[in-house]
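Q: Residue numbers (this note's numbering), protein chains in the order written: chain A, 1 to 874; chain B, 1001 to 1874.
If you are wondering where the hints come from, they were derived from the structure by calculation, not from laboratory data. Hints are all accurate, no fakes.
20 Å max Cα-Cα, derived DMTMM-like pairs, lysine to aspartate or glutamate:
| # | chain 1 | residue 1 | chain 2 | residue 2 |
| --- | --- | --- | --- | --- |
| 1 | B | 1649 | A | 631 |
| 2 | B | 1653 | A | 631 |
| 3 | A | 813 | B | 1809 |
| 4 | A | 791 | B | 1754 |
| 5 | A | 817 | B | 1809 |
| 6 | B | 1649 | A | 431 |
| 7 | B | 1649 | A | 476 |
| 8 | A | 817 | A | 754 |
| 9 | A | 813 | B | 1754 |
| 10 | A | 717 | B | 1790 |
| 11 | B | 1813 | A | 753 |
Simulated coverage check for chain A against chain B, where a stretch passes if three residues somewhere in it have a Cβ under 8 Å from a Cβ of chain B:
| # | segment |
| --- | --- |
| 12 | 650-663 |
| 13 | 706-715 |
| 14 | 783-791 |
Taking CB as the label site, the calculated pair distances span:
| # | chain 1 | residue 1 | chain 2 | residue 2 | range |
| --- | --- | --- | --- | --- | --- |
| 15 | A | 583 | B | 1647 | 43 to 51 Å |
| 16 | A | 731 | B | 1208 | 40 to 48 Å |
| 17 | B | 1630 | A | 515 | 50 to 58 Å |
| 18 | B | 1220 | A | 595 | 32 to 40 Å |
| 19 | A | 13 | B | 1718 | 35 to 43 Å |
| 20 | B | 1097 | A | 821 | 22 to 30 Å |
| 21 | A | 595 | B | 1221 | 29 to 37 Å |
| 22 | A | 341 | B | 1796 | 54 to 62 Å |
| 23 | A | 583 | B | 1220 | 30 to 38 Å |
| 24 | B | 1261 | A | 583 | 41 to 49 Å |
| 25 | A | 731 | B | 1791 | 23 to 31 Å |
| 26 | A | 674 | B | 1845 | 35 to 43 Å |
These numbers were taken from a predicted model, which means no experiment stands behind them. A virtual CB, placed ideally from N, CA and C, is assigned to each residue, including glycine.
Protein chains: 2
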Amino acid sequence: MTYVYDFTESHRLENPTLLLGNKGANLAGMASLGLPVPPGFILTTQACQEYEKNQKLSDTLKSEVLAHLEKLGKQLGRSFNQAENPLLVSVRSGASVSMPGMMETLLNVGLTPDTLPGFSDFLGQSQAALDCYRRFLQMYGHIVLGLSSEIFQNQLQSKLEQTKTSHEKDLSEEHLKSLILVYENLIQTSLGLPLSTNPYDHLWGSIEAVFKSWNSPRAKTYRQLQGISDTLGTAITIQAMVFGNLDKKSASGVAFTRNPSTGEKELFGEYLVKAQGEDVVAGTHTPDSLNDGPKSLATLMPDTYQHLQKIGGLLEKHYKDMQDLEFTIEKGHLWMLQTRTGKRSAKASVRIAVEMVEEKLLTPAEALLKINPDDLERLLLPCLDSNVSASAFVEGFAGAPGAATGSIVFTAEDAVNAQAEGKAVILVRPETNADDVHGIWAAAGVLTQRGGTTSHAAVVARGMGKPCIVGASALEILSETTLRVGSVLLQEGNIITLDGNTGKAYEGDLPKAQPHLGSEINTALKWADQYRHLGVRANAETRQDVLKALELGAEGIGLCRTEHMFFDPKSLRAFQQMILSKTPKERRSAIEALLPLQKESFKDLFEVLDAKPVTIRFLDPPLHEFLPTSESDLAELARTLDIPLAELKQRHKSLQELNPMLGHRGCRLAATIPALYEMQARAIFYAAADVQKKGIKVNLELMVPLIVTSQEMSYIKTLIDTAHTDIEKETGMTLPYTYGCMIETPRAALRSDDIAQTADFFSFGTNDLTQLVYGLSRDDFAPFWPHYAEKELFPKNPFMHLDEQGVGDLIHKAVKKGRTTSPTLKIGICGEHGGDPTSIHFFHKAGLDYVSCSPYRVLSARLAAAQAALMASK
Amino acid sequence: MTYVYDFTESHRLENPTLLLGNKGANLAGMASLGLPVPPGFILTTQACQEYEKNQKLSDTLKSEVLAHLEKLGKQLGRSFNQAENPLLVSVRSGASVSMPGMMETLLNVGLTPDTLPGFSDFLGQSQAALDCYRRFLQMYGHIVLGLSSEIFQNQLQSKLEQTKTSHEKDLSEEHLKSLILVYENLIQTSLGLPLSTNPYDHLWGSIEAVFKSWNSPRAKTYRQLQGISDTLGTAITIQAMVFGNLDKKSASGVAFTRNPSTGEKELFGEYLVKAQGEDVVAGTHTPDSLNDGPKSLATLMPDTYQHLQKIGGLLEKHYKDMQDLEFTIEKGHLWMLQTRTGKRSAKASVRIAVEMVEEKLLTPAEALLKINPDDLERLLLPCLDSNVSASAFVEGFAGAPGAATGSIVFTAEDAVNAQAEGKAVILVRPETNADDVHGIWAAAGVLTQRGGTTSHAAVVARGMGKPCIVGASALEILSETTLRVGSVLLQEGNIITLDGNTGKAYEGDLPKAQPHLGSEINTALKWADQYRHLGVRANAETRQDVLKALELGAEGIGLCRTEHMFFDPKSLRAFQQMILSKTPKERRSAIEALLPLQKESFKDLFEVLDAKPVTIRFLDPPLHEFLPTSESDLAELARTLDIPLAELKQRHKSLQELNPMLGHRGCRLAATIPALYEMQARAIFYAAADVQKKGIKVNLELMVPLIVTSQEMSYIKTLIDTAHTDIEKETGMTLPYTYGCMIETPRAALRSDDIAQTADFFSFGTNDLTQLVYGLSRDDFAPFWPHYAEKELFPKNPFMHLDEQGVGDLIHKAVKKGRTTSPTLKIGICGEHGGDPTSIHFFHKAGLDYVSCSPYRVLSARLAAAQAALMASK
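Chain A on its own, in the form it takes in the complex (with noise of 0.2 Å):
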């Protein structure tokens, strides 16, 4: 076995990363590109594990190691451990995942007092090669010989404080070589005998130190936290020094191969003359840009630029990638540290990946795979401008993302009649409810108190684009005019801004960027259509939405939720005096004054919605959830409904549950009220004949909420039916439909065989299935989720993405059982889940036929479900 690869050595083997670990993998993979790359050496993860088990380094090894190390100096003309032009190594842990920060480094290794005047020597600045010097010896004293790293940082911060020196660049020579000798008697206390200047014992120390940071408890924390395995161990990667900062013609720099904000194909980064790598980053000195103005790198050292560019294009070709690089020029000579993948707006993101398919860089099914779906959610939305600085008044969950501003109001009804003076209003709320939808409407954002990033409020502000935040439990609301975080108090009218990208809310109006959907998107989604195989709806029923989601790609609508149908004002009274009504001729009559209106709000829908499917999900909330709840607004419908106050309290406080989401809805109201199941079927008939009448098709698939077994689906298909007939009689036409259900009760989805039988399709219920796997309401979990999260309890949010050992368990199920009596069923999800990305890569290997989502995130399902197909097929 090999423990030890030179970078050149790395095309030997089958998985580079697992032996060589990401940094080395990544270095070694340049050098195979004959790049110029410091020369150096790879020690192998099971050379770690190897260390693990016998606690020693072996003979093996270490003879390994001094042959690589001689090729390497021969390779420079220097030599370790000589006094003329002394090789320098840096030694650098590096696992085949990555734990950024977990394990240590060691620089310089090979300076001893020896080697230090031919350092000294090669830099040409010996106050440079005693500051190397001293910077090892308090490396090497901490990490090898496992002193705190205190006492030599306050010994040096008294030298500081002795000669007045405010930074330790600026120590004298003199003050440089007392100090190190201070550092050499400390260790020499600790270890009882003096440091050996034998640099070879240096070298195996810091290996040995590398090996053992594995195990640290840190370490072994974080790979516990992060689930990876303890038995994987490190490589040490032990590279030449290159130094950028010896002359002119030294620098050090970082370059994107692109523009990582536009996308656009250019050279983009920093670099400072006669500087090492940290002080590029460390912001203490300002860095010119590499192809701008008179000091940048292309007109200072153009042939080097040139150089650059043209490894950038290279790593891109190998990559298939845009790279993020750091680079040291020494003395002339330009030597690459690193290459990775480059972080990158959403823009750049779409618009690289499609010019990198035109530059023939990049397949599309290649370029589809290197965009992020919720990259393509975020573009749609305005968001605060990234120049402005500004401290946060309050924190929550970021619910519904994009950026707004507005006064405050703490009523939906104050937030409707702002809009209708044209003001733009922050609807703040405990928490909210149907009966708020209105005022989430008119409002350009919500804040919420309560609830978490799939609660009412957070679902209904994504569905219609709005930003929102909830949970942001630190605000108090004090009066129906103030609230409170901690000392700040903020009135009605005040202005504040959501950030809902971050959960971030402040005071004021802050500048915000606005969205720009360049050309490259369309492109991407196109290609994106002819690989997926899922089908994308969205969730809509009002005109504004629907259409929103057909331009942005819908292929229909897979959920039209009716109840949103009878919150304007209109309807809203009706379905009251519906709920409050005293006799069955009442309510008949209550139920026959709907009617018109859901028939003319389907019209609506089914004109623009030209031939492709609906999914009309039949009434659903409970009932209560109609009736206002504060005491004016009930004061005020007595007096409108002519209902003694008296009467219709007990009326509203006799319609409460202890939990109404397990309670009086969904299928259930069919149960106790089928006249209003059956006014709904009625006013979809006639919508559908009239608008056929005018030559346009019509897609219905008819849709109960809530179903629990199969005689449910009986019942209610003979209501529907009855109205069917009359209709098609009445009106002379023929009106095709089909019917199915939610899947969203566990007992529907273990029962999907025996309800199969009465149903064309399902649609999965994601949200209230997962509610009720879990045992959990979304609108109770955020107070205790943060506990969850943090003890890792949950394998993630499930509210966030489908639980697939549980809830996606039962949807495997489901869709087995329920082809196996309809082997043509059709089967769709329309909970939240249907626009996350990797809820779509379940749903597309759980053979589902489509998904819907809010139409904001039709773009983003499109693409999820390509990579979806993309990855499925790999």
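Got chain A; can you put chain B on it based on the hints?
A: Okay, now just chain B, sitting in the frame of chain A:
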């Protein structure tokens, strides 16, 4: 194929009931035993199916009927269509499944103008013979010819008015003759020709009419509702008419072979001399006892009485059960008309079963299958004296059985105070929660406005053996001292009586019958214990309940709800302090204050249990259940704990949840306040150590509620293990325990393989599991359950009887997966279904180890478990 069977031929058939119908098979059975049954024969259900197909009676069938009819006449020395001593028959429907009153029957077929004089001679009463003929015409006209029964009824009515006769029996021969003429004319007008005087025509008509009645709309609807197949068809029994109204040596009567109230072995029944069967049950005459008094059958016709007694014995031996007999004595000759299993009281049921074993009529196993487990539960409770009649002022659901009387109180506190004064009270609440438990304990019974049979009030009351009525929705609580039901106003202090067996509540104090458990019940349950495989434990935590459970035969405690230990005033105050504490230190000290209280409760329990296993569930309910809700209670709490009221209210509000069932409860409390479960674990181990020091073994099973993931299980195991190690070290005792969890979320059931890795046992919490599988809150179910029951949208009430198809499917899966991981996994159930006999059958089949139920259901559970084992081994 044979279409017609003599009564005596039924032994040739493998499944007589299927071919001959229930009633026919029964008569044939008696005839085969050689008992005196009026001779007859049966047209099979296949004959009906044939008729269905061809819509006419086949010649084969007709010739078989004629042959049997002739044989029948010969047996009796009479003949059909013969002027002298004519043979009359009944033509009765009778399917293989009971469809009471759904199909037709004709009597006195064979009576025509030609046979009427001969029949009149036979009867010796020409008026009675005329009346028989009039009835025949009316019956035939309606059933066979399809005339409305009203037109006959109207004619009869006007004849009665016209002749100023009060009852049809008293019409003179003259008037009857003229009425018969009117009837004949009605029929002739409708038919267009006179009614045939050939009785064979009547016979065929009657047979066709009975066959047709199988498909009458009401019969079809009935079958649809009962899930009976339409293809079965009805059999027809044709039997010679016998007459109990001929002379003093003629009579009709009914008899039970044993006393149906007490179970005593004696002929028990009534009879009437010179009467037909319908007269005995009609209530128009007062019948005499069979064996009591000077007019008894035993006195007047001792031979016949002895004959009847002997027949009863034969039938009991044959059917292996107590029989309910109908008989007629015609001129001193005893004819048996019917035998069937007799209904009996709970008490009689047990006595009869046990005595029949002593009499060698039954084996113990057979006897056990004759007892209804629900009867045993009822036997333990007082019930309303059945001799008293009163009308209820309100009716709800039967929440918990038994009867109780007391004065009305409206709060738990008032109940406690009244009990302290030695007063019996009935607690009336809108609904109850954990805060009311001490009030339920103090009250004699509970009446709630809301909730179903498994609501908090019902479950708690059932557990305590207190009668309870829930969901009395007509009840309005007007204030803290007044309730109203319609026009009835009741005040605090008014006396009411609850009947928890029927769900009815009465004003005033109604007399009760006290329970008396005979020795037979112990005999039966000892047999049961030998046959059952399932263990039976009880859900209990107070000393009193545990003693009761052990007395009734519980083998341990399957559910000790530790939260119930927090409801004494001292613990409650400490618990409230814990909830409201503002700093971790305050919280820690409040929790520490609870430790000694918990420890004492556990010591008490362990001593009583004396080595029997006890499954202790860690705290389950949400914290807000421990805070009061009324304004005045909150104010008092604020004073006691010295907290500003506004702050208390704010905290109280912040603990409110939209769906507390799905909220911050169960093991989620351990994620946020680990010290709480830690304290409980420590209290348990300290108590166990103390008790073990006294030489009493403790069999500990620690159980975690509301588990969703295996990570939760591991996390809490670590908390417990730390306490365990500490306390074993501190006390020097070995404190063995096993660790397990409730399986009450669908996810835990689906992932039981993972969870079993850290569990020694599972206990299904079928209440919550049902709620989650159905997405249905048992507390909010009551208002719409009647609609569900009426429309049969659920297979049955899933909170009463385990839903095998849905919840049961999940249980099967969980058992299988759990035992795959851990073959020795112990599995029980501690939901309400643990005491339900039909559910117990399921648990037996599912391979569970034990059921745990309320103490008062332990007896019936022991029996049901034995029945399940016996039926499964059949």
